[in-house]
Each structure stands twice: as structure tokens, then as C-alpha cells.
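Engineer: If you read the sequences in order, they're chains A and B. For the first sequence, the tail end lands on 710 under our numbering, and the numbers increase by one without skipping. For the second sequence, the tail end lands on 244 under our numbering, and the numbers increase by one without skipping.
Derived from the structure by calculation, the hints contain no laboratory data. Among the hints, erroneous ones may be present.
Stretch by stretch, here's where chain B covers chain A in the computed footprint (C-beta under 8 Å, at least three residues) [what the hints assert, rightly or not]: (1) 636-644; (2) 693-703.
Sample of chain B residues with no beta-carbon within 10 Å of chain A, all distances over it, derived [what the hints assert, rightly or not]: (3) Pro149; (4) Ala154; (5) Val164; (6) Ser166; (7) Leu188; (8) Ala193; (9) Ala206; (10) Val212; (11) Ala214; (12) Arg229; (13) Arg231; (14) Ala239; (15) Asp240.
Selected chain B positions facing chain A (Cβ under 8 Å, derived; list incomplete) [unchecked claim]: (16) Val161; (17) Leu165; (18) Asp197; (19) Ile236.
Even glycine gets a Cβ: it sits at the ideal position worked out from N, Cα and C.
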Amino acid sequence: MSQVAWLIPALPAASALAIIFFGKRMPKGGAEVGILSLAIAFVLAVVVAIEVFSANVAAVADGGEAFLTTVGVELFPISAEAGINAGIRIDGLSAMMFLLVTFVSLMVHIYSLGYMAGEERFTWYFGLLSLFTMSMLILVVADNLMLLLVGWELVGVCSFLLIGFWWEQKSNSNAAIKAFLTTKSGDVGLVVGVITLWSVFGTFDISQIIAGVEAGAYNEGLLTFGLVALVLGVVGKSAQFPLHTWLPDAMAGPTPVSALIHAATMVTAGVFLIARLYPVYSAVPAAQATIAVIGAITLLMAGLLALVQDDVKKVLAYSTISQLGYMVAALGFSYTAGIFHLFTHGFFKALLFLGAGSIIHAAHSNNMSDMGGLAKVMPRTFYTFLIGSLALMAVPPLAGFWSKDEILVEAAAAGAYTGNLVLVLGAIGGAITVFYMTRVLYLVFAGEFRGYGHPHESPQTMTAPPVALAVPSLFIGLINLPLPAFQPYAFSAWTMFSTEYWVTHPIEFSPLIAFVAVTLAAAGFVVGRLMYRDAPVGDADPMLRLGLPTRILQEKYYLDRLYTDLITLTLVRDKLGAASVWLNDRVIDRIVYLAGAGTVGFGRGLYDVADQKGIDGLVNGVGQSTRWSGGRLRLAQSGNVQLYAGAMLAGVVVLAVVFAVG
Amino acid sequence: MQAAYPLTFAALLFCVGVYGVLSRRHAVLVLMSVELMLAAVTVNLVTFGAMVGDALYTGQVFALFVMAVGAAEVGIGLAIVLLIYRNRASVNIDDADLMKY
């Protein structure tokens, strides 16, 4: 089955084309095509995952090699050895991502039926959803960095189009442009990194790069530079500090889009990239330390930012950044911990966003100050949202507990300053996570409704997907129970990239760390409950009354000010722009003008000399010389027949003499 | 060696004809000189025919042909001369120079 895994991205590709070209004529505006293709893709993903995972479990039992299938075709060659290829690489990691992407995408497709009902550009929306799913799957399945880059940029474009889906509002299209430009500035590093890896290993092929690292034949300095440059791309795409500022603004898009793109899949592309190249990263401690530090900073600072938000989607957005920070930090020392958190987080964060969409749909506002008391009117949304929140708060035994605990255990095991940094900040971040989710739960669901109108439960299409997502949010953590007897059959074995790594990096459980983490979480909950039991909003909100800290957080550490006012407006527009205008007017324009004038002068000279004198002279000379010689020759045509006859006789005599002599 | 006499005679006759063609101005005289050249050729044909002595008398037969052709040629030539004379009241060939530049 893994041989035909390319069908998994091909299905949404086909449905994207079908929806965009024929969707408007279909009874449901093309949505049914998208849902059908995603359902088939999900089934295929399950089949592939079962094949890959069982092969990996068998490999662990027999001590064989980890499952890996690559199928590729060369598109065009660059040099004798390397070229641009299109190929698929199926291993535990891509099988896991298939499951996550197709499942969440399917849920979001179904949910969007209700959420986007009556939307003017309904068909276009579903076309984009399918297009995005295809792009993300290409990114996941790629067996070489060039194809991965193609998928990477395609998801960026789809993200841009979907954030700006309601472009009639200027702020939405501004958010789309901001997201696009911010991730693009990170992508510069990505491209530099890919090219650097090519110069180190002479190939884009991931298998060959990994083989090159294992062979040890590489320039360490250059490789470190390339990997750190790749991290810049990760920082942009996965919204890590300091390029995280686009993700909260990206909440301007439709909420299902936020669930799919800006929580479960696209923003994890950076994490996926590091996991994909994990054997390479693990050979370069400096790059790993960079990842760990960036992730640790991100998880804490984004968690703090979530405390002061009033927009429920922005709380979830900062929470996503924070959780992405956990994943990135985890990949600084553990492959399994990083991707396990990616996997579990994809489910419960998508659930939370879909729940938030349902709430917003009911309350007609994004702001928590306009909500309250919704637990009574929308119970299904409340319970699913509660399950998602508990999973995110890392309450045992829900999904988030096991993955976050794994990260902390691995951080402690890694030790050194990066490990300890991640351990400490991660534990504090866990408490902060619990605190802001408690705040959200009380502000949204407790007390009395503060908004306008009468909220009501959302339609079936919008409550069924959260229920379906709640199941994995509850139980998915159990697939990687840290029990030695269970481990050969667990997630760590399913998704391993080599048997050796699985053997040398066992998944462990530390009662102490689990106890501390749960205690901190409980403390976070207690403080949150004390503060928000009565659902204080506006000026009464204790988080908004802290003075300077609140101000700093509300200003987002002044990073947006730095980027927008200082860098974009002052530096780029006022200084760099003016300098560019000066350079353009005074230097480039003059050079261009001089070049133009020089060309005209040269052309005129060429016309005067070469054309008029040379070519025309030649042509006229040919004519005149012919005329002159004709004038001379025509004198022979005297009309005197006897002269002609005499000349003929003379000729005959001459010829006779010649023949006689010869 | 008897052939030497008629061949010499024919050569002399041809030379006289050539001289006449090149030097006369009167068109009729030029035509007559041309006839002299033809006559020289006829003598040659008869001489060589006799020398070869083939059963078909090819040389003599061709001499008859040449006479016939010469008669026809003179007929046309005189007709042209008559037309020129009618048109411009002169038979001096130097006057018939329309073909020159």
C-alpha cells in the first residue's frame, strides 16, 4: 500500500480542481467532493499507517530496520549525480502526519458545511481547503527538500488566501499580508538552508542526506550554518519567537481554517521539518541547542501573552504558539517527544478551535467579554470544549498529559543548560496553560450571558466533528504509555526513524516530574478559579489590572511596534525608502539615462559611418561600377556587322593557333 | 596528293569570301561573298567525298544539300536587302545600324 501512498495527496488535488472548476454546479457547492475525497484519503492513510506501524513494531521485535519506502522519478537533472526529483517517502513520521492531516481536514470539511453555510464564496472556500490539504500532504510525503519546499510554499499561499478569505474588511487582508510576509522572511532562511545542505551533501534527497551524516563525510561548520538557517524557516512557519506575531493576526480567517491550518497542520510544518531531518540535527549539538532555546523562550512568552487576550481565538492562537514552542524545544533532544506532542496537540487544538467557532457562531462575537453562561445553552459544545481544554491543560490521563510529560522527562534526561531550561520553563508554561484555559472556561461558559441576542446550540454539522475529535483528545495519549512492556508496541516504535534510535532512546516515566507538573497545573487551576469564578470582565479582569505587566503583554512585548513602526515604517519606509528614491533618482536613473543617451549616440554614429558610408557606399559602388563598366563595354556594340564578323574571325584564328600549338 | 589542289583552291576561295564579307559595304556584295564561302565549303565536301570514296557518295550528296540551302539563304538574304532598301533607300550595310547602342 505504501507504494501508492501518492494517492493520498492526489485525492485532495483532484477534488480541489473539481471544486474550483465545477463546484458551483454541484448540489452542495462542491463540499461533497471535498468531503468524499478526504474520507477516502483518510481510509488510505489508515491503511498505510497500519502497514507502516506494524512493520515498525515487527522491526523492533526482530531488531530489523525501520520501515521506509521511497518511490521517485527524476524531473530534470542539475548535475551528473543530483537532480530535481519528485518522490514520496513513507515512514513512521509521514504515516503519522497522514493520519493527523487527513483526519483533522475531514473534520474541518464537515464542520465548514455548517459554519460557512450561506457564505457567498462557499465553493471557493472548499476549493481552497482541498488545495491546502493537498499542499500539506505533499509537504509531508516529499522525499527530497525541493519537493518539501514546494509543499511548504503552497501551504503558505493557501494560508494567505484563507486568512484573507473575507478580504472585504481591510484588517483581514492586512492580516493575510502580514502572515505571508512574516513567514516569507523566515523562508529566506529555509531556502538558504536547503541550498547549504545541497552544497554539503550534493543532493536534495533526504535519505541521502541522512546517509551522508551517518557516513560522517561533511563539513561541520557549513552543516551547522545550514541547519540554523533552516531553523529560521521553522521560526517563521511554526510561529516561534521572534517571528510569531503573524499567527494571532491570522485568526482573522474563518475559524475552521484556524483549526486546520493555524493549529493542527500548517504551523506544525516547521516542527515536521526538524523531525524529518532529526538524524541530521542530532549530529550537530549547536543546532539542537538553538532549537531548544528558541522553543523554550516561545513556550513561555506566548503562554504569558495568552493571559491578557479578550478574543477567544487569540487565546487559542497564543496557546498554539506556546505548544509549538514545546514541540520545537522537545526536538532539541528527543524525536519521539516532539512529534508525539505534535500528534496529540493536532487533535485537541483542532477540537478547541472548532469549539471556539461554535461559540463565536452562537454569541456573534469573538470577545469573551460578550460571552458567559454558554454551558447551559450549548452543552455539546461545552463538553467537547472542556475535553479539549483538559487535554491542553495536561490533565492525566488525557492526550496532552502524556505528550507534555514526555517532553519534560526527556528534557530532564538531556540535562545541561538547554535541557534544564526547557524543563523549568516547560513546567512553568504548563501552569500558565492551565491558568489561561481556566480563565477561558469561566469567562465563556460560567455565569450569565453578557452579549446580545439569544445564543443557541450549533447545528449537527458543527457539533459532530468536535465529538469525533474529542475521542482522540481523550485517549490518544494512551498510545505511548511510558511502560517498558508496552513500549515495543507503542507510538515511539510506530514512528521511529531507525531501530537504533528507538533502542538508545527509551521512553521513560518519572513520578517526580509528573507529580510536580500535576501540582503546578493544579495550582494554576486553583488560582484561575479563585480569580475568575465570578467571570469578571473588562476593567474587573484581574489580569488586566496588573499595571505595567498587563501593558507590556497587551502591547505584545512591543514586538509589533518594533516590526511595524520601527522596522517597516521608520526604517524601511522613511529611511530605506528615501535612500532608495535618492539612489534611484541620482544614481540608477542617471546610469540608465547615460546608457540610453550613449546608445542613441552610438546608433547615430553607426548610422552615419557604417550605414551611410559603408553599407550604402558598397551598394551604390556596386551599382555605379556596373554602370561605368557597362558604359565602357557598350562602345563595342558599334552596330557594324563587319566589325563583329572581323572580331569573330580574329577569335577563330586565335583559337586555331591555340589548338594548333596545344 | 591530288586532293591538295582542290583543298588549296577551296581555302583561297574561302579567304576571298571572308575578305569580301569583312570589307564590302554593299549588302549584295556581302551576300555574294557569303556565297563564295559556301562554294569553298562545297568544294571541300566534294574533295573529301572523292577522297573517302564511299559507296553512297555522301560528300557529293551533301554538296547538293549545301547548294540548296545556299540558294534558300540567298533568297531570304536578298529579300531582307530589298526590304532594307525600300525602307531607307540604301543598301549600305553601315547604314543598317539600328541594333547598336
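Engineer: Starting from the hint list further up, note which numbers the structure goes against and sort them upward.
Structural biologist: 1, 5, 6, 14, 15, 18
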